[in-house]
Each structure stands twice: as C-alpha cells, then as structure tokens.
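Generate coordinates for the entire structure from the input sequences, incorporating the hints supplied.
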Amino acid sequence: MTDAPGTTAPSHTLPRWRAVDATLAADTRAWALPTWSRWPLLVLPIVGGVALAFAAPHPRLYEALMSEDHVVEWLQFGTILAAALVFGLAGLTAWRADRRFLAGVFALVAIGALVVAGEEISWGQRILGLQTPEVLDRINHQGETNIHNITIVQRAFNVGELLVGLYGFGMPMLWRVPTIRARLAGRLNRLFVPPLALGTLFFLPFAYRAFRAAFLPDAGERITQFGEWPELTLYAGTLLAGLVILAALRRGTTPTDD
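So the sequence shown is residues 1 to 258, counted in the numbering used here.
These are computed hints drawn from the structure, not numbers from a lab. Here a beta-carbon is modelled for each residue, glycine too, at the ideal position from N, C-alpha and C. Treat each hint with caution, since some may be false.
[Stated by the list, open to error] Quick list of the computed label-pair ranges, beta carbon to beta carbon:
(1) Glu221 x Asp98: 15 to 25 Å
(2) His141 x Thr253: 39 to 49 Å
(3) Ala51 x Gly124: 27 to 37 Å
(4) Val50 x Val159: 19 to 29 Å
(5) Ala51 x Gly220: 27 to 37 Å
(6) Leu108 x Asp21: 20 to 30 Å
(7) Glu63 x Gly143: 31 to 41 Å
Right, dumping it as structure tokens:
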C-alpha cells in the first residue's frame, strides 16, 4: 500500500536523518566549530566534483582549470603549503606544552606536507626555468624535476593518498560507535581523529584511487586530470584538520564527545 499524495515520509526516515544530523552537530561542537558548517563542509567537495565533471566536455574551460600551472594545481600548492605551516605551528605548540609525542607526529606531517608542496610545483622548476637533470629526465615520465612522476614512486604516492583518505573519513565514523570508541580512547589521542564534517574531503581521494585501481588503471587524460580535484580535497581536509588541531592545542583542550 503506497502513501497518499501529500503525506509525510515514513516515520522511521526522519529520525534516522535527525540522528545523523545530531551526530554531526555533536562532533562539530566537540571541535569548537560552528554547527552550521557541518553540511557545507560535507556537500561542497561533491558539488565541486560534479561541476568539474560537467566542465569536462568543454576542453578550453576544463584545461584552464585542470592543466598544469592552472587553477586547481596552484590551489593544491597553496593549500598543502598552508597545511605544512599549520602543522608546524601545531608541533611547536605541542612541544611548548611538553607534549613531545604529539609534537613529533605533527612535525612529521608538516615535513611531509612541505615535500608534497615542493613536488606539486616541481620544486619551482617551471617558475625559474630550470632544466631537468639528466638522471631524472630518463626516469621521470613527464621529464620534470620531481620524484612523484617516477612510476614506482607515483604508485606509492597513490597508495598513500588512498590510505590517508581512508583514515580521514573512516576513523571519525568508527570513533562515533560507542563500543569502538571505548576501545580506542586509551590508545588513540582524540586529536588524531578528524572532524566528521571533513569526511567527504577525505572520501573523494580514497574513492577515486580505489576506483582507478580496480576498474581504470589505464584511464585517459580527462579522467586522469579529474584526479586533481580529489587531490585538492585531500589537501584541504589536511589543512582544515590541522587548523582545528592547532586551535584545540592553543585552547589547551581536547575535543569531548557528547
């Protein structure tokens, strides 16, 4: 028997969505973020990806956005460089608070982000007009002064992107399960569990890399270029996670779960 026109959704549907929204709101409050930000943070990465998919049939627009040294690549560089600076500050703040383990972890993240930033612009090669060293030119499939375009290193980068994405959206969901949180609480510092609202920023790179590995290992140029968007969302998620961690360290508080 179907619902009559104009009737409301089944009663079990709304409570489910309300429970999801309440969980998101609670996690957002725990990180001292404005609660209104939870849905924009989740939805905007998807909206951006859909918009780029619609731009793909228009070569001039798509190339202007996605090609090397264009909009998305420079956003990637700026975002991951900012993440390196933020995690560096987080490490310094943790060190001053005598939280040496946290300081070490955040310092490693900062160094990793700085290396990725350098790799994104081939360490300034195109800006400075430098020639690629012969030893790199032979093994780099784009003939650039970087290591992430060397086949074996590129595969490692792709796996790393997939794993960081998996952690970034998977761990916050696991943390919201009371039985799992009870087991992890004494072993995993709460600062290492990103906000739930950043979930899609991390899910997109995971999904893209998993899909490519499973179904399209030899995809064409358009799909390969589209991967720049999930990469940007990964960097944005890293930056935003760093900002909320730094804010928590400066407040001298740890997020508390409702």
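Here is how each hint holds up against the structure:
In this structure, Glu221 and Asp98 break the distance hint of 15 to 25 Å, their C-beta atoms being roughly 51 Å apart. Between His141 and Thr253 the C-beta distance comes to about 47 Å, which sits within the given range of 39 to 49 Å. As the Cβ distance of Ala51 to Gly124 is approximately 30 Å, the hint placing it in 27 to 37 Å holds. A hinted range of 19 to 29 Å for the beta carbons of Val50 and Val159 is consistent with their spacing of about 26 Å.
For the hinted restraint 27 to 37 Å between Ala51 and Gly220, the CB-CB distance of approximately 20 Å leaves it violated. Separated by about 35 Å at the C-beta atoms, Leu108 and Asp21 break the suggested range of 20 to 30 Å. Between Glu63 and Gly143, the C-beta spacing of about 20 Å breaks the proposed range 31 to 41 Å.
Comparing the model with each earlier hint shows violations of hints 1, 5, 6, 7; every other hint is respected.
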